[in-house]
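With these hints in hand, go ahead and build the complete structure from the sequences.
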Amino acid sequence: MKHLVIFCALLFALPALPETPLPSDSLYHLGGHWTDQDGHDTPLNTLRGQPVVLAMAYTRCKEMCPLTVQSMQRIEADWFRRSSMPVRFAFFSFDWVSDTPARLKDYAVNHRIELEHWGFYQGREPAVRELAAALGISFLRDEAGEISHSYAITLLDADGVLIYQQTGLQPDGSDILAKLATVSSSGK
Amino acid sequence: MFKCLAVLASLALAGQAWSATRDQNIADPVEGVENAVLADAPLVPPPITRKHATKVVVHIEVKEQEGKLADGVTYTFWTFGGKVPGKFIRVREGDLVELHLDNHPDNKMPHNIDLHAVIGPGGGAASTLTAPGHSSVFSFKALNPGLYVYHCATAPVAMHVANGMYGLILVEPKEGLPKVDHEYYVMQGDFYTQGANGEKGLQPFSMEKAISEKPEYVVFNGAAGSLTGDNALTAKVGETVRLYVGNGGPNLTSSFHVIGEIFDTVWPEGNTKATAKNVQTTMIPAGGSAFMDFKINVPGTFIIVDHSLTRAFNRGALGQLKVSGEENKLVYSGKISDEVYLPEGAGVRTAGGAAPVPPKAADKAGRIKLGEEVFKSNCMACHQENGQGVPEAFPPLAKSDYLGSDKVKAIKTVTGGLQGKVTVNGQTFDGVMPAWSLSDEEIAEVLTYIYNNWGNGGADVTSDEVKAHRVAPND
Amino acid sequence: MIKEGLLLLSAAALPCAAADMATLPGGNYSPFFVRKAAKPVAVAPFRLDTTPVTNEEFLNFVTTHPQWRKSAVPRIFAEPGYLAHWRDDLTPPGGRPHQPVTNISWFAAGAYCAAQGKTLPSTDQWEYALTDRGRDAGAVRKQILAWYAVPNGAELASVDDARPNGYGVAGLVGLVWEWTSDFSAAMAGPELRNVGDKNGGLFCGGGSLGAKDAADYASFMRYSFRASLKASYVTANLGFRCASELPR
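Taken in sequence, the protein lines are chains A, B and C.
Here numbering that gives the first Met the number 0 is used: the first residue of the first sequence is 0, the next is one more, and so on.
Here numbering that gives the first Met the number 0 is used: the first residue of the second sequence is 0, the next is one more, and so on.
Here numbering that gives the first Met the number 0 is used: the first residue of the third sequence is 0, the next is one more, and so on.
Note that these hints are calculated values from the structure, not bench results.
The reader is advised that the hints may include incorrect statements.
Here are the computed lysine-lysine pairs in the DSS-like style, where the Cα-Cα straight-line distance is at most 25 Å [stated by the list, open to error]:
1. B:K359 <-> B:K408
2. B:K408 <-> B:K82
3. C:K141 <-> B:K213
4. B:K294 <-> B:K272
5. C:K141 <-> B:K67
6. B:K208 <-> C:K211
7. B:K50 <-> B:K173
8. C:K229 <-> B:K62
9. C:K211 <-> A:K178
10. B:K62 <-> B:K82
11. B:K411 <-> B:K375
12. C:K141 <-> B:K199
13. B:K213 <-> C:K211
14. B:K178 <-> B:K294
15. C:K69 <-> C:K229
16. B:K363 <-> B:K375
17. B:K208 <-> C:K141
18. B:K363 <-> B:K199
19. B:K276 <-> B:K294
20. B:K62 <-> C:K141
21. B:K398 <-> B:K411
22. B:K411 <-> B:K466
23. B:K199 <-> B:K82
24. B:K321 <-> B:K67
In structure tokens, the structure reads:
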């Protein structure tokens, strides 16, 4: 009985912050239980308030994920060179088994990523599936723990609505940068 | 040395020209936008007249529905646009095509589309996998001219294609195609049903027969009879006809032929550069096409077939082109006359070449004996074994009042032939007896045989007598 | 607070385990798309609803979970066609309580299962239930192909008409397509649209995948269908059932 309630509550967590109602197509309707690289409990909707550039990846991934992170770093560098408007960068891990907060923290350090703008998140399997599903990202975890997944860097507006998704490789992130420029930091 | 260089140079230039066309088409600026004019087989959208590349918006709706495969036989077709084959799409080199693939919400299956005119992953299939009630959009630039097949490529591909998911897209070359009076769209396909050919009712798809490549039906435009009778293609004498022919397969190659016509020009495999002239039967691979022009000179019904003949006559790969107009007897006379043709042994009507010389009989008995052989080889077919003849056809020789004892008359009849009315033993005959080019000796023998059988009086006829009274054949 | 209280109350009011469930013993099974190691996959014992979730059962759910009603559900969770065939929030098609509920998105299906203390079955679990240890494999394939051979009928059949297989699970095929928890794994694996191609290297890992039986058109179609879906999609012939772990 009790865990039924928890399940339901998790699925329909109410956003704590702004009074303006969440747009119907916002990702922040997702309940999802995530923990950041410092071990803090981070419901998805705490990202609300500024655009978010996010990707799903995992630390053991040697093929596309390093390119994904690099691309996001390029976007970060280019963006903050020209603008002071806040933008969050988020790395959500596919690997609910191995990518512990400590491991995620190490990864950030090894890749010289400043955590001022970044967050690295571990979630449990249901949260990972729901986020991937909402983003239209397909993935397959096999028995050996290897994860095949599709490639995407996603741009959410300040209310968590998906406004652009880069599904082809674009190292300089120019399309996302162009889209960011058209988004204001609140209420759009 | 110079010749070698020249060849290499021209090859390089030709290669250059080829890639220049693709590059040119990529660079070609796109002006304006229009909605594609699509057509259901056997019709074709009109030729393109504009001289620039444009954006063409194409909507194709996938619809799964039961339809007629043959008389009394239905099948659940998966269609592009409600019919098999799917709509004919007509664009021009360099055009930017924006394609919307709409999967009707009532459908059960996911579908996508691979157009052979597309340069890109899956020919578009990688970007168009669509669930029922949804639509996928992608665009491509038409880089190469040609007549291309499009088809659904959702796994299992063979099943989607076997259920009728194919059509043609024509990418006109920049300079267009020669003008003709009629353009028609024909697409061949093989169908695999659980029931045998002709078994009535709704027939499910047979996976086993598809994998074994043993179709029950091979048809044009999705059904046996789709191009026959009231559905036949039409043209008039003096007109030119072009057939855009595709082969959706999924498996069989077509040996495409129009009985009674020759393809003046074929663009083999749907290419637009090189033509073949005066082709009787052109091979169209599965997933391929060809188009051909021919002139109509005479009226009649011209049968369109896959010349793998049992497919045409037993499985439905048969259509018709009905042509009206004035006859041209010089080109084709039709039947001039109907004649009797009776080849029998050595005594053919106007024998060329020397017949072997039979042994000469010594006396009457000898003549009777040898005469029997001559009779059997030449006369028996009509006059019968016992000389009884055939009523109303061939007069009797038995107890014949015609022969009587008038050997001269008999000799003249055999050597000269006989036509017209003659009364023998009270019956009238009106036929043709050919003149026999037999030797004097042979005629003497056979007449002696006849006179000495069946109550004919027993006369003897010698070769001298035959020689003396022989006449030339009539007419 | 009030909202959570309501949920508590409604949870209490919920009929427990609305559908019957069958217990499937664990075992090895060969998935249709053979993975790298080409070894059979081990499926742990689990429980599975014996039939797809019906209109009646789903009505109970939206009655007590108003945020999943068709007028309230956020677009991120379900596209506009959600429950299109229901006249309104609480009115399924008349006289069809035992039809499988369709026009249901993955999120809605998952929420229903969660409300029962269950989950959507994984693709492996679902396919394992279908293989039924190979019992009547030929007849099942025939039934599937027969279902493919006819267009959608005007009416869905009732779940009561479905015959259970050896595990006691009924209506896996021939009624509706069914959601699984990892339906998108179908795309990440073999790249169905370009078999054998890694889509320009845009997939991490999972390279060498191929179909176990290229003649099994029935299974190909199921995987293609899953690959065409997004989580917020609904279709008129897509439903679901729930699975759970064995009670401890």
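Quiz prompt | Restraint check for K50 (chain B) with K173 (chain B), where alpha carbons must lie at most 25 Å apart | solution = holds (7 Å)
Quiz item: Under the criterion that the straight-line Cα-Cα distance not exceed 25 Å, is the pair K199 (chain B), K82 (chain B) satisfied?
Solution: Answer holds: K199 (chain B) to K82 (chain B) is near 21 Å, not above 25 Å.
Practice problem: With a cut-off of 25 Å on the C-alpha distance, tell me whether K411 (chain B) and K375 (chain B) pass. | Solution: Distance ~20 Å between K411 (chain B) and K375 (chain B) Cα, so the pair holds.
Quiz item: Has the given pair, K408 (chain B) with K82 (chain B), been kept, meaning a C-alpha gap of at most 25 Å?
Solution: With a Cα-Cα distance of about 76 Å, the restraint between K408 (chain B) and K82 (chain B) is violated, given a limit of 25 Å.
Quiz item: Given the hinted pair K213 (chain B) and K211 (chain C), is their alpha-carbon gap at most 25 Å?
Solution: OK: K213 (chain B) and K211 (chain C) at ~24 Å, within 25 Å.
Quiz item: Going straight from one Cα to the other, do K411 (chain B) and K466 (chain B) come out at no more than 25 Å?
Solution: holds (10 Å)
Exercise. For the pair supplied as a hint, K141 (chain C) and K213 (chain B), confirm whether the alpha-carbon distance does not exceed 25 Å.
Key: Distance of about 19 Å is within 25 Å: holds.
Self-check item: Given hint K294 (chain B) paired with K276 (chain B) - CA-CA distance at most 25 Å
Solution: Given pair K276 (chain B), K294 (chain B) holds - Cα atoms ~13 Å apart, limit 25 Å.
Quiz item: Holds or violated: K62 (chain B) with K82 (chain B), Cα cutoff 25 Å?
Solution: This hinted pair holds, its Cα atoms lying about 9 Å apart.
Quiz item: Quick one, are K321 (chain B) and K67 (chain B) close enough, alpha carbons at most 25 Å?
Solution: holds (23 Å)
Exercise. Quickly compare the C-alpha distance for K363 (chain B) and K199 (chain B) to 25 Å and report which way the hint goes.
Key: violated (73 Å)
Self-check item: Holds or violated: K359 (chain B) to K408 (chain B), with C-alpha atoms at most 25 Å apart
Solution: Holds: K359 (chain B) and K408 (chain B) sit about 23 Å apart, inside 25 Å.
In this structure, the earlier hints numbered 2, 9, 18 are contradicted, and the remaining ones agree with it.
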